[in-house]
Amino acid sequence: MAEFSVNLTNAILLCAGKAEPRYVRGSRTEIMTDRDTGAKLYRVPMVLIQPSAKPQLIEVTVPDGVGLTVSAPLSAENLRANSYEFDGRSGISWRADSAEVIGGPSVDENGAPTAPISGRGPAKQAS
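Take the sequence shown: its position 10, counting from 1, is numbered 10 in the UniProt record's numbering, and each next residue is one higher.
One or more hints might be untrue.
To be verified - Computed spacing ranges between beta-carbons, pair by pair: (1) N82 <-> P21: 14 to 22 angstroms; (2) G103 <-> G38: 23 to 31 angstroms; (3) A2 <-> R28: 24 to 32 angstroms; (4) I49 <-> G26: 30 to 38 angstroms; (5) E100 <-> G38: 17 to 25 angstroms; (6) I92 <-> I12: 14 to 22 angstroms; (7) E30 <-> R89: 18 to 26 angstroms; (8) G91 <-> I49: 18 to 26 angstroms; (9) T9 <-> T29: 39 to 47 angstroms; (10) G103 <-> V24: 31 to 39 angstroms; (11) T29 <-> N7: 36 to 44 angstroms; (12) P55 <-> T29: 28 to 36 angstroms.
Please keep in mind that the hints were generated in silico from the structure rather than gathered at the bench.
The C-beta atom is built at its ideal place from N, Cα and C for all residues, glycine as well.
Model the full structure from these sequences, guided by the hints.
Here's what the structure looks like:
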């Protein structure tokens, strides 16, 4: 399996849906955990927009995906793509060390805002 780091310098990531837990294969109750940290893993649908390519809908596995707001711009730390082959199928899986809303409110597991919504940062003082 090959792993590739994704350069997000000129890219935009948008949250495209609610984070869903990743379950251990064959189970609908046991949530997968990160081998290194023990954190629960979630799949977060995101739209990846790059200047020279079509927008792509990708599902990124992140620890603790709760609190991301649909349609909010995101930052994904250490986003990487992994090629895989399993049971005669092949594809690309996406993984990031974390995903956070950029400059906006996040929500709790019930969808309620955890921070006030503001359109802009604080006003600058005239000098």
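Checked against the structure, which of the hints given earlier come out wrong? Hints that this structure does not satisfy do not exist here, as all of them hold.
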